[in-house]
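Generate coordinates for the entire structure from the input sequences, incorporating the hints supplied.
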Amino acid sequence: MSHCRDMIKKLADYLDGDLEPEFCTELEKHLKGCNNCKLMINSMKMTVQLCKDGTCEDLPQEFQDKFQQKLAERWKKKFDRQ
Amino acid sequence: MAIKTDEKELVKQAKAGDFKSFTKLIENYQQKIFGFALKMAKNREDAEDIFQETFLKAVDNIQKFRGDASFGTWLYRIAINIIRAKYGRENKKELLPLEDYLPIKHGDHSAHVPQLFDWNDPLSKLTNDEINTKIKAALSELPQKYQLPFLLRYTQELSVQEVADTLKLSLAATKSRILRARMAMRSSLSGYLSGEDTNVTLS
Numbered sequence: 001m002s003h004c005r006d007m008i009k010k011l012a013d014y015l016d017g018d019l020e021p022e023f024c025t026e027l028e029k030h031l032k033g034c035n036n037c038k039l040m041i042n043s044m045k046m047t048v049q050l051c052k053d054g055t056c057e058d059l060p061q062e063f064q065d066k067f068q069q070k071l072a073e074r075w076k077k078k079f080d081r082q
Numbered sequence: 001m002a003i004k005t006d007e008k009e010l011v012k013q014a015k016a017g018d019f020k021s022f023t024k025l026i027e028n029y030q031q032k033i034f035g036f037a038l039k040m041a042k043n044r045e046d047a048e049d050i051f052q053e054t055f056l057k058a059v060d061n062i063q064k065f066r067g068d069a070s071f072g073t074w075l076y077r078i079a080i081n082i083i084r085a086k087y088g089r090e091n092k093k094e095l096l097p098l099e100d101y102l103p104i105k106h107g108d109h110s111a112h113v114p115q116l117f118d119w120n121d122p123l124s125k126l127t128n129d130e131i132n133t134k135i136k137a138a139l140s141e142l143p144q145k146y147q148l149p150f151l152l153r154y155t156q157e158l159s160v161q162e163v164a165d166t167l168k169l170s171l172a173a174t175k176s177r178i179l180r181a182r183m184a185m186r187s188s189l190s191g192y193l194s195g196e197d198t199n200v201t202l203s
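As given, the protein sequences belong to chains U and L, one line each in that order.
In this text, residue positions in the first sequence follow our numbering: the first is 1, and each later residue adds one.
In this text, residue positions in the second sequence follow our numbering: the first is 1, and each later residue adds one.
Hints are computed from structural coordinates only; laboratory data are not their basis.
Among the hints, a few may not be true.
One-sided and incomplete, this derived list gives chain U residues near chain L with beta-carbon spacing under 8 Å [claimed, not checked]:
no., residue
1, 24
2, 27
3, 36
4, 41
5, 42
6, 47
7, 48
8, 57
9, 78
Glycine included, each C-beta is placed from N, C-alpha and C at the ideal position.
Structural data, given as structure tokens:
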């Protein structure tokens with residue numbers, strides 16, 4: 001099984017390190033001779049990496065303080081009723 | 001995924017009305033849910049609403065939490081319900097079949113052709129803000145049924161099994177949606193990163 005399309009279908013598992021060892025060997029062998037598949041894998045990896053990199057934004061302190069207050073009020077209301 | 005032992009004790013105390021236990025229970029999830037809300041929301045104000053509403057609903061329903069899923073899974077489900085209620089039915093284009101994101105076979109020119117080029121080159125010319133804007137745009141094109149598993153897996157770093165549990169999907173359906181979302185994201189970003197439409201024929 002050396003067609004690029006077949007290879008790429010299994011790529012998500014490969015990229016998540018979740019493939020059976022035989023397929024990894026087969027894929028790695030295929031990649032040695034296939035530049036386009038290398039580009040495909042690299043861009044799929046980078047797609048995820050770029051999405052991960054852009055996720056960090058801390059909760060603003062002022063918002064956090066107001067939120068804690070609301071949470072405490074809601075809690076009190078709930079358990080005072082019981 | 002079942003609830004962890006230390007969480008179990010905190011849940012027990014919280015259900016009995018101990019606010020400190022509840023605060024400790026949600027401590028590790030606040031930043032995660034905020035990041036998730038920022039990705040799913042149409043704007044920052046909505047993201048703050050989704051975040052706040054998730055934890056207020058968790059207060060209201062803590063006694064209904066049975067512990068057959070992890071506390072995190074339960075919180076994500078609450079957040080997802082809020083997002084669905086907020087945005088209602090979407091009017092987004094369904095993704096192409098997986099086959100159409102793959103390189104075409106020799107002689108077949110009917111399919112949509114993904115572009116293949118070295119991403120390192122265009123990425124070196126873009127600022128972080130420019131990249132983030134493009135990612136946000138690419139994400140917003142994904143229908144929710146793909147957006148959710150993709151984000152839960154890769155930005156929230158849940159395992160595939162946890163994503164499946166959170167969305168109440170089979171493992172196979174979860175894997176398939178994650179892969180299609182990833183291919184669609186790759187394809188959209190390729191379009192943004194290159195000005196050209198390069199046809200590539202593979203074996």
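- Violations among the numbered hints: Of the numbered hints, 1, 2, 4 do not hold.
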